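Throw the hints in and build the complete structure from the sequences for me.
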Amino acid sequence: MEIKQNSLRLSDAMKIYNKKFKVGVLNLLNAPTGCGKTTFITTDFLKNTTKYIEGVSENKSLSYDKRLSKILYVCDTRMLMDSVMSENNKIMTKFGKGSIIEANSFNSIRKILSEDNGSIKVMSYSTLGYYIKQDKKVILNNFDIILADEIQNLFKYSKRYNSETNKNGEKIFTDGEYVCLIDNLNEISKKALLIGLSGTVNSIYEFQKQFNIDFNLRNIFTEDERKTLYTHNFEPKYTNCIFNQIKSLDYNKVREYDAKILIYTRTIRQSENYKKWFGMKGLNAEWLCSVNNKKEIINKDEEGKEVIEKVKTMNNNQLRIRDRLLYGTDEKGNNKGTLPDDLDVLIVNSGYETGWNLTDERVQICFCDTSNHEEQQQARNRIRHNILNLWCLHTLYNEDGIVLDYNNYGDLIEREKQISTSIYTYVYVCEGKMKELDNKYIGIKLDKKLKDEIKFLYGIRGLNDKEVTWTTVKRDLLELGYEVKRFEGKNSGTYIFKQGEEIRKDIKREVKKMDKLEIVCNWLANKWDGIIIPVFEVRDILDFGRKSWENLIKGDEFNSFLESNNIIIGAVGGRGRTLYFQKIKN
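For the sequence shown, the residue numbers in my numbering are 3 to 588.
There may be inaccurate statements among the hints.
[Said to hold, decoys possible] For lysine to aspartate or glutamate, the following DMTMM-like pairs were computed, each having C-alpha atoms within a straight-line distance of at most 25 Å: (1) 229 <-> 376; (2) 442 <-> 558; (3) 500 <-> 455; (4) 476 <-> 433; (5) 239 <-> 252; (6) 529 <-> 559; (7) 435 <-> 469.
Treat the hints as calculated values from the structure; they're not laboratory data. Remember, predicted model here, so these are calculated numbers, not experimental data.
Printed below as a string of C-alpha cells:
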C-alpha cells in the first residue's frame with residue numbers, strides 16, 4: 003500500500019509501521035511537529051502501553067493510564083511546562099483521577115513520590131539534572147517511564163549553559179545539571195523506558211559526533227516513513243537579514259487580508275527593536291520573554307554570537323497575552339492559542355521556541371530570525387496551520403547570493419531545489435529593497451537624529467554589508483532615484499530630494515519658488531485641455547512676472563515635470579517664433 007506524504011497522524015503511523023519502544027536505549031520519537039506526538043502519548047500509548055514496548059506481551063491491565071504516578075514528563079522551557087500543566091482537565095477527564103503536579107524542589111519530590119498520588123510528574127531538564135546530581139535513586143527507583151519532550155534542547159542547553167572557555171580557547175563542559183543528566187542517560191534508559199520526543203533530532207547526533215559520546219540512540223521512524231507523517235507546510239524564503247524583509251513587506255496587503263504576524267528572534271534586544279519599528283509604523287506589536295526567575299540569560303544573537311542579557315519582567319499586557327495563548331480567556335479555554343484582535347504582531351524569543359500552539363488562522367506570516375534550521379522549524383511550527391509567507395535567516399551564501407550548505411565532508415556546496423521531474427534551480431538569499439521615504443524627510447535638513455531614524459525605519463542591509471550605515475542608506479536612496487546633497491555655507495546640511503525637485507523646505511525663498519512651481523504644474527496637468535497654447539498666455543493666465551516666469555521655466559524641476567508629462571516647449575511651423583506648450587503622443 004502506497005502512503006502519501008504528509009498524510010498520517012502519529013497514532014496511525016505507529017500502528018501501520020508496527021513501531022515499538024525498547025528498554026535500554028534512548029528512543030527518539032522523531033516525528034515532525036504537528037503530527038500528534040503529545041496526543042499519542044496521552045491517549046493510545048498510556049491506554050495500550052504494552053502494545054508499544056518491544057519484548058513485552060500485550061496486556062491492557064499493565065497499561066499506565068492506571069499508574070500515572072510512575073510516569074515522569076520532562077520539559078525544556080517554562081512555556082512547555084505551563085502548557086503541559088494547562089492540559090490538566092483533559093487528563094482528569096480521560097483517566098478519571100489525579101492531576102499533573104509540578105515537582106519543583108528536592109524535598110517535595112520525596113514527599114510526592116511517597117504519597118503516590120496517581121499523577122504524572124512534570125519538571126524541567128534542569129530540575130531533573132539537579133535530582134540526578136543529588137541522588138539519582140530518587141528518580142531511578144520511582145519512575146518506570148520517562149517522557150523527555152523537545153529533548154534536542156537538552157543538548158543545546160548543555161553547550162550554552164554548562165560550558166566555558168579554557169586557557170587554550172577551547173570550549174569545555176562544566177559540572178552542571180544538563181551535563182550531569184546527559185552523562186546519566188544510558189543508565190536511566192536501562193532502569194526506565196526512556197522516550198525522547200522531538201521533531202528535530204539532527205542536533206542530537208551532531209552533539210554525539212562532536213563530543214564523541216556513546217549514546218544508545220534509536221530512531222523510531224526511518225526517513226522515508228517520516229515523510230509520510232503529517233506536518234504543516236515549511237516553504238521558506240531566505241534572507242541575509244530578517245529586518246530587511248520586515249521593512250519590505252507590503253503592509254497595505256497585510257491589513258487588507260487582516261493577517262497577523264509571528265516573529266521569532268533570539269534576543270530580548272532585537273525583540274524590543276522590532277516592537278519599536280512596528281510602533282513607529284502604526285502597527286501594534288508586543289514581545290514575550292521567559293517568566294523564569296533568572297537575572298541574566300545567555301542568548302545567541304542574529305549572527306550566532308553569544309550575548310548575556312538581563313531578563314526583563316513582563317508587564318500586565320504581556321502576561322495577559324501569554325496566559326491567553328496557554329489557557330484562553332476564560333475557565334472554558336475559549337480563545338486559547340489566539341491573539342487579541344488589536345494585536346498585529348507577536349514577537350517571541352528562544353523561551354517560546356517550543357511548548358505552545360498558535361491556532362489563530364489570521365497568523366499567516368512568520369519571520370524566523372535565526373539561521374539554525376531546527377529552531378526555524380520549531381518556531382514556524384508554533385503556528386498550527388499552513389501559512390502564506392515564511393522568511394528564514396541564512397547567513398552563508400556566495401557572491402551571487404546562492405545559499406550555501408556544508409556537505410558530509412565539510413565542503414560548501416550550492417543549494418538546489420527540484421521544481422519538476424528533471425529540473426532543478428538554485429536557492430537564493432534575498433536582501434530586500436528599500437521602500438520610498440515618507441515625504442516628511444524630503445527637502446529638510448537632516449541632523450543625526452533624523453539620519454538615525456531613516457536608517458532604522460528604511461535601511462536595508464545588502465548582501466555584502468556588515469551593517470546598515472548612512473553610507474549604505476545613501477547608496478539605496480540613489481538607486482531609488484532620490485538625490486542626496488550636502489550644502490555648505492550659511493544654510494549648510496544634508497538634504498534628500500526627489501529627482502528634479504531640489505527645494506529646501508526649511509528655507510523660505512525656496513519654499514516660495516516651490517509654491518509657484520506647483521501652481522504652474524497643477525494648471526498644465528489639470529486645467530489645460532492639452533491643445534497647443536502660447537507660453538506667454540499661460541504666464542498671463544497665472545499672473546506671473548516676466549523674470550520669475552523665465553527663471554521657473556528654465557529650472558530643472560519644471561523641465562523634469564514637462565518630460566514626465568510628455569509636454570514640450572517649442573515653435574510651431576507657420577506661426578513665427580512664438581513658443582508654445584505642446585502635448586506630444588508617446
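(message) For a C-alpha distance cap of 25 Å, please report whether residue 500 and residue 455 respect it.
(response) holds (19 Å)
(request) For the pair supplied as a hint, residue 442 and residue 558, confirm whether the alpha-carbon distance does not exceed 25 Å. (result) It holds: about 22 Å lies between the C-alpha atoms, which stays within 25 Å.
(request) Mind checking the alpha carbons of residue 229 and residue 376 for me, to see if they're no more than 25 Å apart? (result) holds (16 Å)
(message) Tell me if the straight-line CA distance from residue 239 to residue 252 falls inside 25 Å.
(response) holds (16 Å)
(message) Check the hint pairing residue 476 with residue 433 against an upper bound of 25 Å on the C-alpha distance.
(response) holds (16 Å)
(message) Checking one constraint from the list: CA of residue 435 to CA of residue 469, max 25 Å. Satisfied?
(response) Distance ~15 Å between residue 435 and residue 469 Cα, so the pair holds.
(message) Does residue 559 sit within 25 Å of residue 529, going by the straight-line distance between their CA atoms?
(response) holds (20 Å)
The structure is consistent with each of the numbered hints, conforming to all of them.
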